[in-house]
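Undergrad: Residues per chain are reported as follows:
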Amino acid sequence: GESVGLHLPTLSVQEGDNSIINCAYSNSASDYFIWYKQESGKGPQFIIDIRSNMDKRQGQRVTVLLNKTVKHLSLQIAATQPGDSAVYFCAENTGTASKLTFGTGTRLQVTL
Amino acid sequence: KAGVTQTPRYLIKTRGQQVTLSCSPISGHRSVSWYQQTPGQGLQFLFEYFSETQRNKGNFPGRFSGRQFSNSRSEMNVSTLELGDSALYLCASRMGADNEQFFGPGTRLTVL
Chain A
1 GESVGLHLPT
11 LSVQEGDNSI
21 INCAYSNSAS
31 DYFIWYKQES
41 GKGPQFIIDI
51 RSNMDKRQGQ
61 RVTVLLNKTV
71 KHLSLQIAAT
81 QPGDSAVYFC
91 AENTGTASKL
101 TFGTGTRLQV
111 TL
Chain B
1 KAGVTQTPRY
11 LIKTRGQQVT
21 LSCSPISGHR
31 SVSWYQQTPG
41 QGLQFLFEYF
51 SETQRNKGNF
61 PGRFSGRQFS
71 NSRSEMNVST
81 LELGDSALYL
91 CASRMGADNE
101 QFFGPGTRLT
111 VL
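Those sequence lines, one after another, are chains A and B.
Be aware that the first sequence starts at 1, since it is given in this note's numbering, and climbs by one per residue.
Be aware that the second sequence starts at 1, since it is given in this note's numbering, and climbs by one per residue.
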């Protein structure tokens, strides 16, 4: 499969547990944030997004939290499943520009 | 609805050669962006095209270029290939500003 990052931080969780993946961003002007999931051999897949005028947004089994004060973003996955195993990236941009700035990624391993 | 498609999926070239990669966006999407993904640098924005015009550009040398056709299909070209150009090249499309980007599976370029 694809090697999207040889030295990625890895989070290992047991199936059924909740996962929390963290991301720090640097540009205080960023106003749009996205979490992507990338499985081996595939391109990044959109999970959830949040704008800077919000601090929390929920999707199906996922929640994104945004703390603008400390420039921190987190992705919470409830009841983690084996299919959640992948590399997760946070991305940010400003305004409506297409230029996304990606974080380094976190590898999530789900153990049975 | 078909997703973003990229051709070829895999490519092997030698240093000094040039290469052209192709991306077909989702039907109706007018914006196409290109990203380079490497283990060392992660995901980096190359450029964005919208309605056949380059709208945004990342910090890559002039050897990297692209274009977009009237049907929104896009190509990127890399001339005088270097070993460091070995990467997964990802294309993403979106309908317009303020919309989610959808990524293709990427083209894996290996430069020998």
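There's no promise every hint is true.
Unchecked claim - In the DSS-like style, the derived pairs of lysine-lysine whose C-alpha atoms are separated by at most 27 Å in a straight line are:
1) A:K56 / B:K13
2) A:K99 / A:K68
3) A:K99 / B:K57
4) B:K13 / A:K42
5) B:K57 / A:K71
Stated by the list, open to error - In silico contact screen, one side only, chain A against chain B (beta carbon under 10 Å); selected entries:
6) G41
7) G43
8) P44
9) F89
10) S98
11) F102
12) G103
13) T104
14) V110
Rather than coming from a laboratory, the hints here were simulated on the basis of the structure.
Just so you know, even glycine gets a beta-carbon here, dropped at the ideal spot from N, CA and C.
Undergrad: To test your reading of the hints: which numbers does this structure violate?
TA: Violated: hints 1 and 14.
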